Every structure is written in C-alpha cells, then in structure tokens.
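*Asks:* Sequences listed follow chains A and B, in order.
Reading the first sequence from the start, the letters are residues 1 to 472 in our numbering.
Reading the second sequence from the start, the letters are residues 473 to 826 in our numbering.
It should be emphasised that the hints constitute simulated quantities derived from the structure, not laboratory data.
Note that the structure is a prediction, hence the values are computed from the model and not measured.
By construction, the Cβ of each residue, glycine as well, lies at the ideal position given by its N, Cα and C atoms.
Among these hints, one or two may not hold up.
[Claimed, not checked] The calculated EDC-like cross-link candidates involving lysine to aspartate or glutamate, where the alpha carbons are at most 20 Å apart (straight line), are:
| no. | chain 1 | residue 1 | chain 2 | residue 2 |
| --- | --- | --- | --- | --- |
| 1 | B | Lys541 | A | Asp339 |
| 2 | A | Lys311 | A | Asp337 |
| 3 | B | Lys644 | A | Asp456 |
| 4 | B | Lys541 | A | Asp359 |
[As the list claims (entries may be wrong)] Here are the computed distance ranges between Cβ atoms for each label pair:
| no. | chain 1 | residue 1 | chain 2 | residue 2 | range |
| --- | --- | --- | --- | --- | --- |
| 5 | A | Ile262 | B | Lys798 | 51 to 61 Å |
| 6 | B | Pro523 | A | Leu399 | 20 to 30 Å |
| 7 | B | His581 | A | Ser193 | 46 to 56 Å |
| 8 | A | Glu272 | B | Gln804 | 53 to 63 Å |
| 9 | B | Ile737 | A | Leu340 | 29 to 39 Å |
| 10 | A | Leu399 | B | Tyr596 | 18 to 28 Å |
| 11 | A | Leu399 | B | Gln804 | 32 to 42 Å |
| 12 | A | Lys209 | B | Gly699 | 46 to 56 Å |
| 13 | B | His571 | A | Ala140 | 42 to 52 Å |
| 14 | A | Arg258 | B | Arg585 | 12 to 22 Å |
| 15 | A | Leu399 | B | Val597 | 41 to 51 Å |
| 16 | B | Lys798 | A | Ile367 | 28 to 38 Å |
| 17 | A | Lys209 | B | His581 | 33 to 43 Å |
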Amino acid sequence: MVSFLSKASSLLLRSCQNPKPNRNIRRLLSILSSPTPSSSVASSHARRWIPRQGAAFREISRWREFCSREFCSSAAEESQAKNLDGMTVDDIVAKEWTVLEEDASDWKSHAAAIALSIQLVKKRMQWKKMLIRLDQLSMAVSKSDIWDDPVYAGRICREHGLLMGKMKEVNGFEQELLDHIDMLKLAREENDSDIELDCISSLIQIRRKLKEKELEALLSGNNDSYSCYIEVQAGAGGTESMDWASMIMNMYKSWGERRGYIVTVVDEMPGEIAGIKRATIKVDGKYAFGYAKAEIGVHRLVRISPFDSAKRRHTSFSAVAVIPILGDLSSRYKINDSDLRIERFRSGGAGGQHANTTDSAVRIVHIPTGITATCQNERSQHQNKASAMSVLQCRLDQLEMARQAQMNSEHTRSLTDISWGNQIRSYVLHPYQMVKDMRTNFEVSDPYSVLEGDIDCFILNFLSTSLEKDED
Amino acid sequence: MGFLGEKDMFCCLPICSFRFTCSRSRGQIRFCSSSRPLSITTTSAPLFLRPLSHNTTSSHLQTFHAWAKSLAFSSNHPDPPHLIRELTWLLQDATSDPHTSFLQLGTTHPIWRVPLRVELKELYVLWKARVEERRPLQYIVGCEHWRDLILVVRDGVLIPRPETEMMVDFVKEIDGSESGLWADLGTGSGAIAVAIGKMLGEDGKVFAVDLSQTAVEVAEINVERYGLKDKVEVRHGSWFEPLEDVVGKLTGVVSNPPYIPSKHIPGLQVEVGKHEPQLALDGGEDGLHHLLHLCEGCLSVLKSGGFFGFETNGDEHSELIAGLMKTRWSGQFRDVKVIADFAGIKRFVTGFKM
Chain A
1 MVSFLSKASS LLLRSCQNPK PNRNIRRLLS ILSSPTPSSS VASSHARRWI PRQGAAFREI
61 SRWREFCSRE FCSSAAEESQ AKNLDGMTVD DIVAKEWTVL EEDASDWKSH AAAIALSIQL
121 VKKRMQWKKM LIRLDQLSMA VSKSDIWDDP VYAGRICREH GLLMGKMKEV NGFEQELLDH
181 IDMLKLAREE NDSDIELDCI SSLIQIRRKL KEKELEALLS GNNDSYSCYI EVQAGAGGTE
241 SMDWASMIMN MYKSWGERRG YIVTVVDEMP GEIAGIKRAT IKVDGKYAFG YAKAEIGVHR
301 LVRISPFDSA KRRHTSFSAV AVIPILGDLS SRYKINDSDL RIERFRSGGA GGQHANTTDS
361 AVRIVHIPTG ITATCQNERS QHQNKASAMS VLQCRLDQLE MARQAQMNSE HTRSLTDISW
421 GNQIRSYVLH PYQMVKDMRT NFEVSDPYSV LEGDIDCFIL NFLSTSLEKD ED
Chain B
473 MGFLGEKDMF CCLPICSFRF TCSRSRGQIR FCSSSRPLSI TTTSAPLFLR PLSHNTTSSH
533 LQTFHAWAKS LAFSSNHPDP PHLIRELTWL LQDATSDPHT SFLQLGTTHP IWRVPLRVEL
593 KELYVLWKAR VEERRPLQYI VGCEHWRDLI LVVRDGVLIP RPETEMMVDF VKEIDGSESG
653 LWADLGTGSG AIAVAIGKML GEDGKVFAVD LSQTAVEVAE INVERYGLKD KVEVRHGSWF
713 EPLEDVVGKL TGVVSNPPYI PSKHIPGLQV EVGKHEPQLA LDGGEDGLHH LLHLCEGCLS
773 VLKSGGFFGF ETNGDEHSEL IAGLMKTRWS GQFRDVKVIA DFAGIKRFVT GFKM
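Bound conformation, chain B alone (with noise of 0.2 Å):
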C-alpha cells in the first residue's frame, strides 16, 4: 500500500473540521483558564499525505537547495549540519522519492520533473519558518518518525521525543503485557498508546487520556491511521478522570507527564519554549506536581501486580520519586527501578502495585 492508500484513509478523517485552540494537553483543568488562541492556523494534512499536485523542474529544486543551505548555514542555529539532514526530509516528504536523486539530476538533466506536493515557492516559506523562526521540523511536516511510526502532529500538540520511545520497549518485556487493560495518560499524540496497540493481542486494550481536545483530536487520527480503532480508545479529561469504569482494573498505566519546573520554562530552547505548547511542558513550581498525582492515583486504578512507568525531568526526579515510593507509599509498590536513558539521564521510574 503506497502513499494513496494512506491518503485515502486520511480524507476520511475530519481533519478540516476542529477548532484550533491551545487549552493544552494534559494537566489539569485550571490550566485551561490560560489558553489563548494560536496565531497560525493551519488546516491542511501532514506534508507527506498531500497529493503530488504541484510540479516543478529538478534544477529549481537544486536552487531551492542551495539557498536552503546557505540559510541554514548563515543562521545562528547550534547545528547547521543537522539542518541539513531536516532539509532532506522536508525534500523527502514534499516529493515521492525518498533518495532525492532529483538533487543530482539537477546538473545532468535540469528540466527534469519532480512531482511536488506544495508549490516551490511554499518550500521557500516553510524553510524560512524553520530557520528563521525556529519552528520545529515536525510542526512543518506535520509528523514525526517515533519508533517505527510515522505520527501525525500538529500545533498544540507536544511533539513525542525520542527518550519517550523507550517506554515501549519496559512495556514490552512485562510477561502478558500483550493482554489486558492499559492507559497511556496525557497522550498527546496518541505516540506510547498506538505503539503499545500495536503490540497487544485478541484481548487487550489501550485507554489514550488527554485533557486538551487538540491532542485528542490528534490522537485519534493516529489511531484510525495504524487501523487500532479497536485497541486504542481515546477519551478525553484530565488525568483518571475518565477512567472511573476501570478503577482497580488496569494491568498498567504509562504517562509523560508535563515536568519542566516553572522557572526553567522562559529559558527553553526556541523550538520548545516559542513553538511547543507550555502547559504540556509546564510541571509546576519543582516539575513535580503531575507526577506526584500520578504516583498517587494509579494506585487506586492499576490492579493489584499491574504495572507502571512515568519518564521524568531526569536525575533528581527519578531519585525523588522512586525514595518517596519506599517512604511516603510504602508497602504499596515493589520492584521500584530507576532507568537511564541513551544520554545517561535518569529518565525512567517503573514498578508495579503491590
């Protein structure tokens, strides 16, 4: 099944019809009370799932190129070799060869067509966006490789990062992890729910929980995309809120909660701090407060040996959270481990319910 078929399957989907509105994602309501509206709106679908019906010629693609990176390359961004590779992946989903050969062609047959799927002069516009006003890659394409799945995101939706990846893998390795009833809080772009989806069998079901009705939207095109409608439900609140039916139940719930301590959120880089909405980011004064509810409340609705994983600001945090297990809640989880990531944070605290 080539691009058309996920395209098809994507026109399906009521893309054009939500509201755009920043009531940022997990969290709880009263960050509701500081939403504002978004200034750029955008209604249309991932770059990569467009119809090729633009065209141009490969050598205006070549100057296309060059002058990208002669942008990147002038700007004052840490990594302009990095900018490089992204140019390529915009080239990537904006046309339907994934080895851009069409750059070489440019020298050898400068009339060549290329099949687009914006106009050139939109290619312009987009690029600029990136390296002038620092907005991240995904928002662009509007998707984001994560694992092995290409998810759709768009703004007011946090982009999954790749840390995050690895809790699939702590889910995995869990004997009977393939069955059951499991809850990705906070989901944002559905990422951990669709990825675990993908991994349960007959009998097994993934809750994708997220307060902001951007995300929710977003996740449930990521659902329908991967053909889980039927192992992933996405239901909308804040946080167990929505889970009051399944309390006691759960073999295991997972989250990426917001964790960035107040203070440090002026400070993030511009892609994160001007692009990405806050109040996914936004964990209170120490970073702690969604945490620390979560801890809280999944004892109430994991089943008695289910299963837990929060990720982190890092260090500390894990240390905090996995010491508070053993005295503030003790006797109430065991096998409480604290995990690093591939940069050596740690990241990762999970456990199971006694």
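Just chain A, with the same shape it has in the complex (with noise of 0.2 Å):
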C-alpha cells in the first residue's frame, strides 16, 4: 500500500505542476479516497509527497480512517473490492488472461495469477464458511454479557482477532491488486514508464507473496499449527499385519525427521515375532498435526508376505490415528487426581529390591471416561507417569472437542473410532507397485519411497482437494 501510495502521490505531482489542469488528479483523489484499512499510514506517506496537497489529503486521510473503522465493524458481510471501473477479483479470473512465468513483462499475466492466488487462497481458507464463523462470532462478542464468563469470552474474542486478520489479510492483497491496475491504466495513460514499470514489479513481488499463502492457507485449521501424538494399531492377521503397523510406523518417523520436527517414541507394544501391535509417537514441530491430520484413516498393504513360508500375497491393515496437542491451556479438559487410577503396566512378582528391571512402565485409567494412557519407553517410572500423563491428558482434550463437535469430526476421531472399512490408501508391492491414495485418486508409483516417509505429496495433495471440495 505504501509503494502504491508513493507511486499515486508522485504521479499527482506531477499532474499538478503541469499548468494544464488534468483530470487524472481527481481521478487519483478517488482512488486515495477508497476505503483501505491501512489508510493512516497511506496518506501520511501521502501528504508528505505533495505539500501543495496537504489540506485536501488532510480531509481524505479522515474520511478514510472513518470508512476504514465502518469496513471493519462490518467485515462480515463481504465488501467486495472493487477498482475505479468497477471491477473485481472474480473479474479478472473470468477475463482468463493467459498466465505467463513470472519474468514475463506482461501486467495482465501478473494480474491474473494474483486473481486466481486470491481465489484458490480463499477456497482453501474455506471462505464462505469463515464468513458465518465471523458473523457468529461478531454477535457473540457485541453481547453484553459475554464476559460474564471470561474463560469462554477468552476464547471467543482470541478466535474472533484471528479470524479478522486472515480475512483482513486477504481483502488487502485484492485491494493492492486493483490499485496497482488502477494506477498500471493511469501511468499509461500518462506515458509515465517508471511508474509502469514499477508496478510491475510490484505485481510480481504481491504474486510471490501469494504463492507463499496457497500453501500457509492449506494449514488454516485451528488446531494446524501444534504438535501431534500419531498412532498406529495393527490390524488382523498375526505379524504379517504387525509388520506392517511397524513399516507405517517407520514412514511417520522418518517423515517426522525429514520435515525438522522432533520425533519420540512413547509407547510400543512390540509383536511376538516381529513389528509392533500398536505404538505411539509425538511429533514436536510447528504444523504437525497440520499436516499429520491428512494421514488419518486405515493404511492397507499388499505383498508377498515374508512371514509366509508359501510365498502366498497377503493383504494387511493399519489403522492410523492423530491427536494435536493442544498449546491453549484455557482449552484443555480439566482432569482430577481423584479420578486416577495409577497402575504398573505390567505387574505380578513381588517387586521391590526383588526385582532389578529398567521396565519402569505405567499405566492411567481415568476412571469417569475408561480412557487409558501408557508409557515404557521412558527410563524411570516418573518420566513413564508424567509422559503418560500427557497423552492422557491430550485424548481427553480430544474427547472434548469431538464432544463440542466444534470442529471437522474428520480430524478428531481416535484409534478406536476408525472403521477398518474406511480405507484412505493402499500399497501395493506386488504384483506391480504403486501406492495410491483412494480420496483423491493421487498415486506414486514407487511405494519404496513413500515407505521412507516421503509422503509429503499424498498429505498436500489430500489437503487440498478436501479443502477446495468443502467449500463447493
């Protein structure tokens, strides 16, 4: 907005020292005048710019600053963003303008890449449906009585600020979007090939900057941004099956540290003869569970299996389960000592100075709900309690929040809650090799390296078409 402002207020100079009045001045004062919400900072840079301008902009600055505080108490319903011809984003979508790469020196090429960045953003963002969100919210926070509880009032203003600035942030880029062509047609017009030039650049740099949010919108969720416990149980069908569950287990884990997160294991029941009947694992990072939420669902394996003294294909089953942890504690389910139940994993022998074992594993029931947590990787008994006390404490959020039903119910099912019907992927090692994704039809053909965590591909392509299909 800045740049665009230095641009106008040159050009207005300009305009105004040539002794020929120019309708393009008014033309200018428009467009300064429309409603921005970044106006305070616009027409100071503004004003300093043209001298002789500065009562004129004075008056402008203040009747913006008014229309911006009316846009924002009113964000709810969509102002869309319109240019001096009338024109919106969805215009230049439907104009089809080719898009070139971006070294080209075509404005239009530039122009419609943005339009259609801003569009796909907005799909992701799932727009029309952050549209009721904010309508709901805004009533609740202009009740008077809202803070009559302050934990619920919390909440509420804390998701109402946040959706306010995605949203803002969005409206900004159509509107620097119809300026820059605004200005593009009026440096035209005044044969002025700096400032042509230089909204050019601009235009490519805002197309960068979009290309950046395509990707950030796929994780706009509410609880994207935290970290994550995965979990992985064997299906049917003795170690061919286990094995299995240890091999998925192995892709999150290297998946995890691919990506930079910090992978740990905290509970593993390992097979008789090989993998593992169920493990659990925390992955620490930033989008985690963003990104984990889109492995959700039963994994299905086929291959010959090397337990198989026949050489026969088997088909096993994985089931796969993601809880965030959640960094907002106001949020979190309230869990009292008394309804504990605090046992050693696996007991029997008298214990004590009997027995030296570094099985230090334990086992909680919380008693009300019969959800249990354990933990053995840890290395003393307090550490087991206090790890199996987070994740606990994690599926009970959990179970809150599916209760609350105020989120996706997609992404907050647990382990027990997945049929083994409901399929999301499938790999084939034999007889020809693929892995393919069955919700978008997504396919890789070679099933190796996805196994070595490089899945990323299945999770972008996933959140996006479940993303941009929700908000059709």
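Make the complex out of the two chains shown on their own, each in a separate frame, by following the hints.
*Replies:* Shown next as structure tokens:
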C-alpha cells in the first residue's frame, strides 16, 4: 500500500505541476479516498509527497479512517473490493488472461496469476464458512453479558481477532491488486514508463507472496499449528500385519525427521515375532498436526509376505490416528487427581528389591471415561508417568473437542473410532508397484520411497482437494 | 549445559581412586565380615559421561543392532522386547544421539560417521554380558534413571528401584518438608537423599548414611553432580550411629533397608541375586531385622511430630510393622499409614512420632 501511494503521489505531483488542468487528479484523489484498512499510514506518506495538496489529503485521510472503521466493523458482510472501473478480482479471473512465467513483462499475466491465487487461497481458507463463523463470533462478542464467563469470552475474542486478521490480509491483497491495475492504466495514459515498470515489479512481488499464502492456507485449521501424537494399530492378520504397522510407523518417523520435527516414541507394544501391535509417537514441531491429520484412516498393504513360507500374497491393514497437543491451556480438559488410577503396566512378581528391571511402564486410567494411556519408553517410572499423563490429557482433550463438535469431526477421531472399512491409502508391492490414495486418486509408482517417509505429496494433495471440495 | 559440562564436573571427582570392596552397604557391622572382593572391577566413568573419543559408521552400528537383537530373542530372558528397549538405551548412552537415528541411516547412508563413547567391539562385550551373564543394564551403562535424576551406579551399590520413587512424593506432601533436618538411612547411590535435597529450601539438610564405603563414594558423586554439597551430607556408618549429634532434632527419617528374608535370597532373579550386593538385600531370617531396628531407633532421633517413611517387603511386612506401632510402641506414633505401590503391593509404612 505504501509503495502504491508513493507512486500515486509522484504521479499526482507531476500532474499538479502541469499548468493544464488534468482530469487524472480527480481520478487519483478518488483512488486515494477509496476505503482501505491501511489508510492512516498511506495518507501520511502521501502528505509528505505532495505538500501542496496537504489540506486536501488531511480531509481524505480523516474520511478514509472513518471508512476503514466502518469497514472493519462490518467485515462480516462481504464487501467486494472493486477498482475505479468497478472491476473485482472475480472479474479478472473471468477474463481468462493467459498466465505466463514470472519473468514475463505482461502485467495482465501477473494480474491473472494473482487473482487466481487469491481465489485459491479463499477457497482453501473456506471463505464462505469463515464469513458465517465471523458473523456468529461478532454476534457473540457484541453481547453485553459475554464477560460473565471470562474463559469463554477470552476464547471467543481470540478466535474473532484471529479470523478478522486472516480475512483482512486477503482483503488487503485484493485491494492492492486492483489499485495497481488502476495505477497502471493511469501511468499508461500519462506515458509514465517508470511508474509502469514499478507497478509491474510490485505485482510480481504480490504474486510471489501469494504463492506462499496458498501453501499456508492449507494449514489454517484451528489446531493445525500444534504438535501431535501419531498412533498406529495393527489390523487382524498376525505377524504380517504387525510388520506392516511397524513399516507405517517407520514411515512417519522418517517423514517427521525429514521435516525437521522431533520424533519420540512414547509407547510401543512389540509383536511376538516381528513388528508392533500398536505404538504411539510424539511429533514435535510447528504444523505437525496440520500435516499429519491427512494420514488418519486405514492403510492397506498388498505384498508377498516374508513371513509366509508358501510365498503367498497377503493383504494387511493398519489404522492411524492423530491427536493434536493443544497449546491453549484454557481450552484443555480439567483432570481431577481423584479420577485417576495409576498402575504398573506389567505388575506381577514381588517387586521392590526382589526385581531388577529397567521396565517401569505405567498405565493411567481415567475412571469416569475409561480412557487409558500407557508409557513404557522412558527410563524412569516418574517420567513414564509424566509422559503417559500428557498422552491421557491429549486423549481427553480430543474427546472434549469431539463432544463440542466445533471442529471437523474428520480430524478428531481416535483409534477406536476408525472403522476398518475406512481405507484411505493402498500400498501395493506385488504384483505391480504402486501407492494410491483412495480419497484423491493421487498415485505414486515407487512405494519404497513413500515408505521411507516421502509422503508430503500425498498430504498436500489431500489437504488441497479436501479443502477445495468442502468450499464447493 | 551439555554433556561436556557434566563430564567436566565429573572429572573433578576422585572416581578412579577407590578400592573395590563388597562390604555391602547398609546393615550392621556383622555383615562386613562376610565381604569378599568383587571379580569384576571397573574404574571407568559411566558410559554417558565419557568423551566421544571413538567412532564408527552407521552400517556398523546397524550390524551391531541386528546382532544384539537376535541375541536377545534367542536368549532365555523372560522379556526380550524389553531387552530391545534396553538396547536402545545402551546406544543412546554410547552415542550422542538420543533418537538413535543412525539406525535408519544404516541403509541410506551406510558410511555416515557416528561418534562413540566406547569402541564398537566393547559394545559387543557389554551386550553379551547383559544377555548372557544377565548383568543389569544399569551396571553396564553405569547409571540409573530415577525420577527426573540420572544417578551414577556401579557394582557394590544397590540399583534404586522404581517403587522407591514414591518415597520422595510422601516427603513432598508434608507441610514444611522443605526445611529442617532429614536422614536417608542406607542411602546406597544416594537416590532418595539427592531427590529430597533438590526440594529443600535454604535451611534444610539431608544426612545420607551408609555403612558401605562404595555406597558412600557413589552417593558423594551423585550429590556433587547435582550441586547439592551444602544440602546433602554423606556420612559413613551403620544406621543411627553417625547421627549422634542430631539426636531428637530430625524432621524426618526415610529408609529403604534390606528387607528380603534370607531364605529367598538364593531364588532371586539372576540380575539381582548374581550381580547386586546381597548385603543390601538380606533382611535377616524374617526380613524384618533392620526394619525393626529402624522403628525403634527413629523414636530417639526424630523430634516430636517428626515423619518416618520405610519401604518394606510388601503386604504382610507393612501390616505387621503398622500393627506393632499400635501395640509394642503404642502411644509413640500417630497417623500410621500403609501405602501401596503402583503394582498394588502394600509397600510403604509412613507416620509421625507423637
């Protein structure tokens, strides 16, 4: 916005020095007075540029500040950004200007790319749902008795602020695009090639910024930015399916490490011969839940089992659940100590000085809900207890979230809720080699690289299709 | 502060200068007569504190891991999956990588250099001792993770048990426990004393008492490692004997004394019976020998209202001691409680002097 204003001002300045009256002055003033949120910065900047127009700009800036306040308070009603010719971002997309490479100098190509990006970002952010939610939140915030429950009020206000911030950012991009188009047209009429080039380079910058936003918008869910637990459970079928569960677990471990997350094993029940019956890992890092939630469901393997002496082809299944580790303490489930029963995971034997074991696994049972958590991978009982406690906390949080049903239920299902019929991805090692996602139909013909943790393509594909489908 | 800092701290200690005797720990002097020299002598530092002065490749470690795993599963150990977990801990201590990610690298980057704290061939020897001789992992790596502490342990000192962690929680719950004088009798590695020492305020102090010279040395190392020299004072001697200067002044006495009945000693789990100091375990014919001595003695060292907490052999012992406090010592203790551990065994007796 500031750079735009500086261009506008220099154009205006030149026009003012021109002895002939110029109709463009009026047009520019009207651009400057169009309501955009960042008006105060912009108008003060403009004032520096055109001393002679100072008084007029002070007027404009006052008017624009007024407008922007109005704009913010009524952001729930979608006020479509328009340029002077009444063109909107959707109109630009409708013109179907060809999108060329970034280094091309055709401004229309950049404008079209930006408009398309904005549309995609809005789709991924689930714009329509956001508008509805913002309406609900604005209504809740404006109620006079909201602060009677400060925890609730705090949560609502935070969500309201966050949502407003996200929407303002997109609106800002729209306005910037349209303003630059206006400016370009003016610059052409004035034959000012400096400003024209300036505008094009700004458009390129906006285009790049929006490309980043496209990716970010995939992870705009409430809990997406948090760390998470990933749980894998082997399906029926003995050693072959337990081996499959451990292959899946290794896939997530190395995926996490590749992404730079800190991966730790919390709980692991090894199979008798090979593999695991079930296991829980903690994936620590920003957006871990946002990405990993795309993996929830049943994963199917077809191969010739190395555990079958007759070398027959086997199909096995593993279920995957993902639980966010909420950062916001106020929204966490409150656990009463008296509701807990803590027990040694493998009791039996006299214990105490009779036994020397490094196995100090504990199980914590939350009696009212029957939910349990186990940890056996820490080296002291104290730490196993602490670790099991945080798993339990997250399971109870998840239960609470599902109960409140405020989120997409898809993302909050626990292992026990996942039905074995709900297959999301199939990994075929024999007779041909292919990994295919049943939800998106995305496929890769190198299953080994996928099993080594190269699953980002599946995740991004699923996230974008599911979000874009939801919005339609 | 990383490993280097810890190591430096450790190096200041006279760890190489002690004699190895098995004059086992707590218990009374009569036990000393049965002491014999230990066959295994090691004078080196715990694995995790040694410098990373060796190295190998990820594929060599992967080979070691596969060998160690198959050895574990072909052994007659009752819980091979847990041995595999111990194997991970051994590798964590032997390298500087808490996530043992070199095992995955073994296939993709076989010649990746992994720094080690021992020679690779030494790892084979250590693991063989773990599986075939059933030598406890804690002696092999020279440490035990206990509560949030990493305690140095070595042959001749009882490895602190997970059950005993709860003792510290009892102390924590007592009002005013952060000040006053405490005693941990038969401290062994110093576990309880160090944990209590960490909770104490300005004017609090713990006396960590043990009869065994080895235990005294190890406890001192642990006290030093946690920077608790002015909070925990290690004293050499039998039970209450080194505490004559504080008789009647103690806020609390805790102890995990030897409590296994003598006749059970030959049937103990191999890791315990063959490797741990028997005199830290043997509680006399009925296992109550030291416990009764402690009950009697704490009446004189505790101040009025002082706390006691004892670990016992479980169920009958705890009930018996609690019962005696109401009969033999009637009127001298109050609020006597029997508390179960996480396995549901009535493991502890706690209460207060009148």
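*Asks:* Give a verdict on every hint.
*Replies:* Now the hints, each set against the structure:
1. Lys541/B <-> Asp339/A: Measuring from Cα to Cα gives roughly 40 Å; hence the hint is violated.
2. Lys311/A <-> Asp337/A: violated (53 Å)
3. Lys644/B <-> Asp456/A: violated (48 Å)
4. Lys541/B <-> Asp359/A: Since the Cα atoms of Lys541/B and Asp359/A sit roughly 17 Å apart, the hinted pair holds (cutoff 20 Å).
5. Ile262/A <-> Lys798/B: 51 to 61 Å: holds (53 Å)
6. Pro523/B <-> Leu399/A: 20 to 30 Å: violated (48 Å)
7. His581/B <-> Ser193/A: 46 to 56 Å: holds (54 Å)
8. Glu272/A <-> Gln804/B: 53 to 63 Å: Between Glu272/A and Gln804/B, where Cβ atoms are some 55 Å apart, the hint holds.
9. Ile737/B <-> Leu340/A: 29 to 39 Å: holds (37 Å)
10. Leu399/A <-> Tyr596/B: 18 to 28 Å: Given a distance of about 48 Å, which is not inside 18 to 28 Å, the answer is violated.
11. Leu399/A <-> Gln804/B: 32 to 42 Å: violated (50 Å)
12. Lys209/A <-> Gly699/B: 46 to 56 Å: Roughly 51 Å apart at Cβ, these two residues keep to the hinted range, so it holds.
13. His571/B <-> Ala140/A: 42 to 52 Å: Roughly 45 Å apart at Cβ, these two residues keep to the hinted range, so it holds.
14. Arg258/A <-> Arg585/B: 12 to 22 Å: At 20 Å between Cβs, range holds.
15. Leu399/A <-> Val597/B: 41 to 51 Å: holds (50 Å)
16. Lys798/B <-> Ile367/A: 28 to 38 Å: With a Cβ separation near 32 Å, Lys798/B and Ile367/A satisfy 28 to 38 Å, so the hint holds.
17. Lys209/A <-> His581/B: 33 to 43 Å: Holds, at about 37 Å.
Checked against the numbered hints above, the structure breaks hints 1, 2, 3, 6, 10 and 11 and satisfies the rest.
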